[in-house]
Amino acid sequence: MTTPLLRLRGLTKAYPGVVANQDVSFDIQPGEIHALLGENGAGKSTLVKTIYGLVKPDAGQMELQGAGFAPAEPRAARVAGVAMVFQHFSLFDAMNVAENIALGMENPPPQREIAARVRLVSDQYGLPLDPTRIVGELSAGERQRVEIVRCLLQDPKLLIMDEPTSVLTPQEVAILFDTLRRLRAAGTAILYISHKLEEIRALCDAATVLRLGRVVGTCDPRATSAREMAELMVGSSLHVPHKAARPEGAVILTLQGLSAKAPHRFGTALRDIDLTVRRGEILGIGGVAGNGQDELVAALSGEIRTRRDMVLFDGKSIGHLAPNARRHLGLLAAPEERMGHAAAPDMSLTENALLTAAARQNLTARGFVRWGKAREFAGRVIAAFDVRTPGAGNTARSLSGGNLQKFVIGREIMQDPALLVVNQPTWGVDASAAAAIRQALLDLADKGAAVICISQDLDELMEISDRFAALNAGRLSAPRPAQGLSVEQIGLMLGGAHDMEVAHVDA
Amino acid sequence: MIRLEKRTAPSRFWTYAAPLLAVVLTMVCGALVFAALGNDPFVTIRTIFWDPLFSEFSWYYRPQLLIKAAPLVLIAIGLSFGFRAGVWNIGAEGQYILGAICGAAVGLAFYPTESPFIFPLMVMAGALGGWAWAMIPGVLRVRFGTNEILVSLMLVYVAQNLLASMALGALRNPDASGFPGSRNLARYPSATSWINEGAGLHWGVVFALIAVIFAYITLSRHIFGFHVRLSGQSPRAARFAGVNPGLLVLICMGISGTLAGLAGLFEVAGPSGLISIDFNAGYGFTAIIVAFLGRLHPVGILLAAGLMALTYIGGEIAQSNLRLPAAAIQVLQGMLLFFLLAVDVLTHYRIRLTARGVA
Numbered sequence: 479m480t481t482p483l484l485r486l487r488g489l490t491k492a493y494p495g496v497v498a499n500q501d502v503s504f505d506i507q508p509g510e511i512h513a514l515l516g517e518n519g520a521g522k523s524t525l526v527k528t529i530y531g532l533v534k535p536d537a538g539q540m541e542l543q544g545a546g547f548a549p550a551e552p553r554a555a556r557v558a559g560v561a562m563v564f565q566h567f568s569l570f571d572a573m574n575v576a577e578n579i580a581l582g583m584e585n586p587p588p589q590r591e592i593a594a595r596v597r598l599v600s601d602q603y604g605l606p607l608d609p610t611r612i613v614g615e616l617s618a619g620e621r622q623r624v625e626i627v628r629c630l631l632q633d634p635k636l637l638i639m640d641e642p643t644s645v646l647t648p649q650e651v652a653i654l655f656d657t658l659r660r661l662r663a664a665g666t667a668i669l670y671i672s673h674k675l676e677e678i679r680a681l682c683d684a685a686t687v688l689r690l691g692r693v694v695g696t697c698d699p700r701a702t703s704a705r706e707m708a709e710l711m712v713g714s715s716l717h718v719p720h721k722a723a724r725p726e727g728a729v730i731l732t733l734q735g736l737s738a739k740a741p742h743r744f745g746t747a748l749r750d751i752d753l754t755v756r757r758g759e760i761l762g763i764g765g766v767a768g769n770g771q772d773e774l775v776a777a778l779s780g781e782i783r784t785r786r787d788m789v790l791f792d793g794k795s796i797g798h799l800a801p802n803a804r805r806h807l808g809l810l811a812a813p814e815e816r817m818g819h820a821a822a823p824d825m826s827l828t829e830n831a832l833l834t835a836a837a838r839q840n841l842t843a844r845g846f847v848r849w850g851k852a853r854e855f856a857g858r859v860i861a862a863f864d865v866r867t868p869g870a871g872n873t874a875r876s877l878s879g880g881n882l883q884k885f886v887i888g889r890e891i892m893q894d895p896a897l898l899v900v901n902q903p904t905w906g907v908d909a910s911a912a913a914a915i916r917q918a919l920l921d922l923a924d925k926g927a928a929v930i931c932i933s934q935d936l937d938e939l940m941e942i943s944d945r946f947a948a949l950n951a952g953r954l955s956a957p958r959p960a961q962g963l964s965v966e967q968i969g970l971m972l973g974g975a976h977d978m979e980v981a982h983v984d985a
Numbered sequence: 005m006i007r008l009e010k011r012t013a014p015s016r017f018w019t020y021a022a023p024l025l026a027v028v029l030t031m032v033c034g035a036l037v038f039a040a041l042g043n044d045p046f047v048t049i050r051t052i053f054w055d056p057l058f059s060e061f062s063w064y065y066r067p068q069l070l071i072k073a074a075p076l077v078l079i080a081i082g083l084s085f086g087f088r089a090g091v092w093n094i095g096a097e098g099q100y101i102l103g104a105i106c107g108a109a110v111g112l113a114f115y116p117t118e119s120p121f122i123f124p125l126m127v128m129a130g131a132l133g134g135w136a137w138a139m140i141p142g143v144l145r146v147r148f149g150t151n152e153i154l155v156s157l158m159l160v161y162v163a164q165n166l167l168a169s170m171a172l173g174a175l176r177n178p179d180a181s182g183f184p185g186s187r188n189l190a191r192y193p194s195a196t197s198w199i200n201e202g203a204g205l206h207w208g209v210v211f212a213l214i215a216v217i218f219a220y221i222t223l224s225r226h227i228f229g230f231h232v233r234l235s236g237q238s239p240r241a242a243r244f245a246g247v248n249p250g251l252l253v254l255i256c257m258g259i260s261g262t263l264a265g266l267a268g269l270f271e272v273a274g275p276s277g278l279i280s281i282d283f284n285a286g287y288g289f290t291a292i293i294v295a296f297l298g299r300l301h302p303v304g305i306l307l308a309a310g311l312m313a314l315t316y317i318g319g320e321i322a323q324s325n326l327r328l329p330a331a332a333i334q335v336l337q338g339m340l341l342f343f344l345l346a347v348d349v350l351t352h353y354r355i356r357l358t359a360r361g362v363a
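So the sequence lines, in the order shown, correspond to chains V and U. First residue of the first sequence? That's 479 in my numbering, and the numbers climb one at a time after it. First residue of the second sequence? That's 5 in my numbering, and the numbers climb one at a time after it.
Okay, chain V solo, but in the shape it has when bound (with noise of 0.2 angstroms):
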């Protein structure tokens, strides 16, 4: 390992009013999975996008195997050996998986022979992959193996790969791996951005963290806690939320045969959904996207109304009642989609936290707003969640997601809920943000309140949640202690594996 694969030196990159990347060097080996760590706007996404000649640097230098690199545009960082899996995947449902590779091409050979290689491919490197099959249908696991054999047809150095298991059930995320140790071994570099600390420390070689644009350290993931890495990246001693036992409280919500039909064309039905939650206990729904955790959101805040004797919270019917009846009777709601839906983009913080707290907050007189109330309680969110925004008279749409994220979730902690259901609370937040919004689900359920969590990060849900249950094709499996559940487990609780035996669920 004399000349590193790819030598970053000083790379500078300023926006106006935020710098970036601030001086970043670092080496990537061949042959290496490289971590690159960092919270929300460190700098990640720029630097990527500087190796994958998306973004020009405003100084600073990189070399590829020892020769000068500055590609003007990803072909010419394609040509150089430099390949990229991003976040959201670039494919047309109605193509088969031949088809959409043919597209990234410059030229393009037959269908048969494009088969053919991706054919090689995915046996060289563990990826079940059916050229012929149409996108559309593939999971999310499967439709990131496309995107892969797309990079791994070039022939790539390097590869990099952004946040490649947000989207994975367990099973998938082992399979990924698997891949990657493999292509590890034939010599191509990795360099993996992630934020799931385990992750990192079960795959690869090396870490660079970086902290508002610049390399705040680097270390070896296999000999560093996650608890350090952690601390690396946000800066300060990381707040681990404490969990601590609570009573068994009393029953505050039934669900008998919950059933609905789904309410659009891309929906989930839910099914024959049975389930009790008690005071004082948080309850983890994991699942992979697209199960009904949308729909089962919804049936519970009352958006989908049901049969009213399907819905018992605090042993009164209520499947028939409208979102503010329930909110008026304790059962709070914080959808996953936070522009839009748990928040209007374009409204004032405050109109956004008169939208679910007039009940509850007093915040109407006879029908009339008291907007001097509702600014006052959005203010109290913002200082309690430690929202960052210059005023309650600021947009949602200018708040971070992270930031809006506290706020909305805030904005229904603050009102004291006796049954609180919150879709996806930490996604696209930052680590420290995370942990604040998990403690203060934690404090919610000390207080006495039972709290369901839905969430795809099985991370979250292990640490915040006292029983587990998971959801797949809008049904919900018996919950279960979480304390003792394996990853295996859960895998098969989830339901989602692809290209595996089928799972078996105990219903």
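One or more hints might be untrue.
As the list claims (entries may be wrong) - Capping the alpha-carbon separation at 30 angstroms, the derived lysine-lysine pairs in DSSO-like fashion look like this:
(1) V/K534 / U/K10
(2) V/K527 / U/K10
(3) V/K635 / V/K534
To be verified - Listed next, with one range per pair, are the computed distances between beta-carbon atoms:
(4) U/F121 / V/F846: 29 to 35 angstroms
(5) U/P249 / V/H806: 33 to 39 angstroms
(6) U/A174 / V/N802: 43 to 49 angstroms
(7) V/P959 / U/M139: 55 to 61 angstroms
(8) V/A956 / U/P249: 32 to 38 angstroms
Simulated from the structure, these hints should not be mistaken for lab results. The C-beta atom is built at its ideal place from N, Cα and C for all residues, glycine as well.
Place chain U on chain V using the hints.
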């Protein structure tokens, strides 16, 4: 290269400046059109925009402005609720006609009795007529998911035919020896909407001002106004906030229908005086322009209606004094909406001039 860059928040400056710029651009392009028609552009623009207000005959034109602006304000205020909530009632013209027919029918039924109760009854009948006509597209949308734009528009033509049949049949003046049209309500003391005919003041003017205040308070202070705005901006967030979308459609349709019906009643019992075949003058359609020109804001609508009334009256002066064709005035009014929509880009985008970069 000119590039449009989306603003993070709509520009406050351009929200107010855009309508003014649109008016200026309309004047400039209007002047070019008039010049092409062989008229002196400066004189024409002055005749349309200045003379009605400040010429030596303005004592005659100013009441006319009031008479033109009142129904526009009433209808546009009603429409603004729906337009803000994403309910597109295009058929205010039909609701206006039905309000006039129903109100006039009540008044004519009492003729020639004199009583202080007749006019209030007519007002109620007019409001009810407009409301009922608007409920047809409203209920069809909520119940069967039909498109309220099409249904409300089609109902305008139904209303026009109903109007013709009323003018020639049921409501025809029996003493008019066969002439089409009803008795003149303006000459029937218990039924007239005039307060002071010489000043152009009728009950419609009063109701228009009340509607502006009512709309302003509702939209800015009441939870219903908040839900209307929320539904238009983020329908999904509105449902999450507890808004019943179907009910909101019916309420918005109801408000616009009621106000359009009232406008029709005040018109037929005052300035127009009688139900006739050509009673409707397109107020219901012009009000759509007024609503958008006024940014769906009550005070904006008040100003926009004044401006539209100005182009009407000024246009009439230009027609009679300068022999400008009526179509040229309509072009001018169309341009106003066109430029408003075009200039609107500036509120949401900023224009950047950039050197051509690498593709």
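Non-conforming hints, listed in increasing numerical order:
Going through the list in order, the structure violates hint 5 alone and respects the others.
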